[in-house]
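Participant: Chain residues, written in single-letter form:
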Amino acid sequence: MPTDIRAEIIKQIRRPAHWLLLAVALVLTLTFAYLIPYLGLSGRTEGPGSARGLDAMLPAEFVGSTVAGTPVFLGALAVIFGVLVAGSEYGWQTWKTVFTQAPSRPRVFAAKVVVTAAGTLLLVVTLLAAGAAASAAVAGLQDAPLDWPSPGELLTGAAAGWLITTMWAMLGVFLSVALRGVALPIGLGLVWLLAVQNLLSAVAAPLLDWIADLQRALPGPNAGSLVAALGAPEGAPGVSALTGAGHATLVLAAYLVGFTLLSGWLLHRRDIT
Amino acid sequence: MGGMNSPVETTALTKRYGDLTAVDQLDLTVRAGEVYGFLGPNGAGKTTTLRMLLGLIRPTSGSIRLLGRDPGAGHLDRVGALIEGPSFYPHLSGRDNLRALACHAGVGASRVHTVLQIAGLTDRAKDRYNTYSLGMKQRLGLAAALLKDPELLILDEPTNGLDPAGMADIRATIRRLADDGRTVLLSSHLLGEVQQICDRVGMISDGRLVAELSVSELASAGLRIVASPLTEAHECLGALVGADHVHSDGEALYLDAPGDAAARINAELVHSGLAVHELRVREPDLEQTFLELTGGGRRAD
Ligand SMILES: Nc1ncnc2c1ncn2[C@@H]1O[C@H](COP(=O)(O)OP(=O)(O)OP(=O)(O)O)[C@@H](O)[C@H]1O
Ligand SMILES: [Mg+2]
Chain A
1 MPTDIRAEII
11 KQIRRPAHWL
21 LLAVALVLTL
31 TFAYLIPYLG
41 LSGRTEGPGS
51 ARGLDAMLPA
61 EFVGSTVAGT
71 PVFLGALAVI
81 FGVLVAGSEY
91 GWQTWKTVFT
101 QAPSRPRVFA
111 AKVVVTAAGT
121 LLLVVTLLAA
131 GAAASAAVAG
141 LQDAPLDWPS
151 PGELLTGAAA
161 GWLITTMWAM
171 LGVFLSVALR
181 GVALPIGLGL
191 VWLLAVQNLL
201 SAVAAPLLDW
211 IADLQRALPG
221 PNAGSLVAAL
231 GAPEGAPGVS
241 ALTGAGHATL
251 VLAAYLVGFT
261 LLSGWLLHRR
271 DIT
Chain B
274 MGGMNSPVET
284 TALTKRYGDL
294 TAVDQLDLTV
304 RAGEVYGFLG
314 PNGAGKTTTL
324 RMLLGLIRPT
334 SGSIRLLGRD
344 PGAGHLDRVG
354 ALIEGPSFYP
364 HLSGRDNLRA
374 LACHAGVGAS
384 RVHTVLQIAG
394 LTDRAKDRYN
404 TYSLGMKQRL
414 GLAAALLKDP
424 ELLILDEPTN
434 GLDPAGMADI
444 RATIRRLADD
454 GRTVLLSSHL
464 LGEVQQICDR
474 VGMISDGRLV
484 AELSVSELAS
494 AGLRIVASPL
504 TEAHECLGAL
514 VGADHVHSDG
524 EALYLDAPGD
534 AAARINAELV
544 HSGLAVHELR
554 VREPDLEQTF
564 LELTGGGRRA
574 D
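Chains as they are written, first to last, in the working numbering: chain A, 1 to 273; chain B, 274 to 574.
No wet-lab data here; the hints were simulated from the structure. Note that the Cβ used here is the ideal one computed from N, Cα and C, for glycine as well. Be a bit skeptical, because a hint or two may be false.
[As the list claims (entries may be wrong)] Residues from chain B that face chain A, not an exhaustive set, calculated with beta carbons under 10 Å:
{"no.": "1", "residue": "321"}
{"no.": "2", "residue": "324"}
{"no.": "3", "residue": "346"}
{"no.": "4", "residue": "353"}
{"no.": "5", "residue": "356"}
{"no.": "6", "residue": "360"}
{"no.": "7", "residue": "363"}
{"no.": "8", "residue": "370"}
[To be verified] Below, computed lysine to any residue pairings styled on SDA-like, alpha-carbon distance capped at 25 Å:
{"no.": "9", "chain 1": "B", "residue 1": "410", "chain 2": "A", "residue 2": "203"}
{"no.": "10", "chain 1": "B", "residue 1": "399", "chain 2": "A", "residue 2": "180"}
{"no.": "11", "chain 1": "B", "residue 1": "410", "chain 2": "A", "residue 2": "15"}
So that you can see chain A by itself, here it is in the shape it has in the complex (with noise of 0.2 Å):
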């Protein structure tokens, strides 16, 4: 097992496509979080809207302004790196390459699960540093203090957009499995994360209360709630107060353990063809 997630790491640290993933992560969330509000927040002076909108910048909000993306576009790249990870062992047919050297397929899953898990980890440490650091840039340009959150708050929130991401890229192995390729398995997470959460949540609950109460068992408004708790400012894509943060939470794991067991099973049972 070590020497498999070994032999994984060899595998996916000199990924560009991982890299560029990490970049636009990067570049999505300073420009989201930071830049565009900055830009509007000194075009227009003293409106209504703008001391809260100078709070979510300042160093105490980091943390939920920069897990704020996870319900969606950062829960849309996490997805991309899962099928990445898992479906490309399929496009590129050497998973019987890999096991035909190391026949435990068990061995081999769980190996790749540390490594996306790994992966998600340092993208949400790196986003939080980011964050950290712009938050520090508004609040030096805005002469305000230097208030940083608790290490408690920090370490809950970096493990919040942990859960999340991981989440949903075991969502991107779990489709790449099932559907034994890259390209479907993008298509249809996007698909569900970009436009059937969006239509679920601003069409379909509102019309029907069976789906309203749906949306409380579905990972991406549990994953907005969760946020929600941690201060991402409510109106980012996705984040709204649905749930508490325990529920949250318990349905983020359970989707997280499902998506994992359900894909190593079916890497299992099926023929490597």
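For this one, chain A is given, so just place chain B with the ligands on it according to the hints.
Facilitator: Same frame as chain A, now just chain B with the ligands:
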């Protein structure tokens, strides 16, 4: 108990895909130390059989023993394989590909260096896999198959797509590996290839093993001689090798004799004052045998 003497043993091995029986009640036995050629036309079931041996696909029924072990944990510890063309990580170098696979296989990094040398890839080991030529990819596949220093090598059409020099190169490598005492099970649809490097051949058609032959058995060569006058040449040769061993079709004489007898027979005919227009060693009739046994070779799918 074929156990250790039969590194590969299958009993009534069967794989069905819906209505199609890809492998049908196959009893295959490969003996220790031999190079066994698994010969059959496209779609005969070669790859399916080898994938089942390696645990990549599950048999519908039947049983498998590799190196005396039932499928399960550790049954591929001393088995190396190359299935249906090489497949590697395109963004990694040849060496990094092997390093990753060595980690999966649980073998030391020093082995990577060794197999690169055996495969003749050391010079290009640090180049990315997607810059490799087909021949280099194939050799990397062979290198990966050797990582575990296997007792048994399972190679699916290892020379597929290579030019003649590349083929000769890979065949020589395989032959060398076999001479080191490894057992090799190799699939091919090339008769000449199987004849060159195999000790025994199993012919598969429509998922069934239709014949098993030793290559030396098949390789008894004959001579085809055109000489005039033909009847006198016939008598002369009859006296020389025995009348039973000479046949005439009216144009040429066919002689059961080893190829290295050609010079002596030529001298004998010339000495008797006959004109020898043509004398040639006939290729062993593997092709004919193959086509007869497989009913023309192609299945209707
Ligand atoms: N996954 C699959 N689903 C359905 N049919 C399959 C599958 N894999 C193989 N077959 C069928 O099984 C038969 C045997 O295929 P196989 O790949 O084993 O042939 P082969 O002897 O390796 O041929 P080739 O020389 O072309 O490589 C073929 O008819 C093929 O179409
Ligand atoms: Mg084949």
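Participant: Holds or violated: is there a CB of chain A closer than 10 Å to the CB of residue 324 of chain B?
Facilitator: Holds - the Cβ of residue 324 of chain B comes within 10 Å of chain A, reaching about 7 Å at its closest.
Participant: Using Cβ atoms only, decide whether residue 360 of chain B comes closer than 10 Å to chain A, and label the hint accordingly.
Facilitator: Residue 360 of chain B check passes; min Cβ-Cβ to chain A is 4 Å, inside 10 Å.
Participant: Are the Cα atoms of residue 410 of chain B and residue 203 of chain A separated by 25 Å or less?
Facilitator: 53 Å, violated
Participant: Is the interface hint for residue 346 of chain B satisfied, with its Cβ closer than 10 Å to some Cβ of chain A?
Facilitator: Status holds, d = 7 Å.
Participant: For residue 410 of chain B and residue 15 of chain A, compute the direct alpha-carbon distance and say whether it is at most 25 Å.
Facilitator: 20 Å, holds
Participant: Holds or violated: is there a CB of chain A closer than 10 Å to the CB of residue 321 of chain B?
Facilitator: Holds: closest Cβ of chain A sits about 9 Å from residue 321 of chain B, inside 10 Å.
Participant: Holds or violated: is the Cβ of residue 363 of chain B closer than 10 Å to a Cβ in chain A?
Facilitator: 7 Å, holds
Participant: Straight-line Cα separation of residue 399 of chain B and residue 180 of chain A no greater than 25 Å?
Facilitator: 30 Å, violated
Participant: Is the hint on residue 370 of chain B kept, meaning its closest Cβ partner in chain A is under 10 Å away?
Facilitator: For residue 370 of chain B, the interface hint holds, since the closest Cβ of chain A sits about 9 Å away, which is under 10 Å.
Participant: Given residue 353 of chain B was flagged as interface, is its beta-carbon under 10 Å from a beta-carbon of chain A?
Facilitator: This interface hint holds because 8 Å falls under the 10 Å limit.
Participant: Closer than 10 Å between Cβ atoms is the bar; does residue 356 of chain B clear it against chain A? Give me holds or violated.
Facilitator: For residue 356 of chain B, the interface hint holds, since the closest Cβ of chain A sits about 5 Å away, which is under 10 Å.
When the structure is compared with the earlier hints, violations turn up for hints 9 and 10 and for no others.
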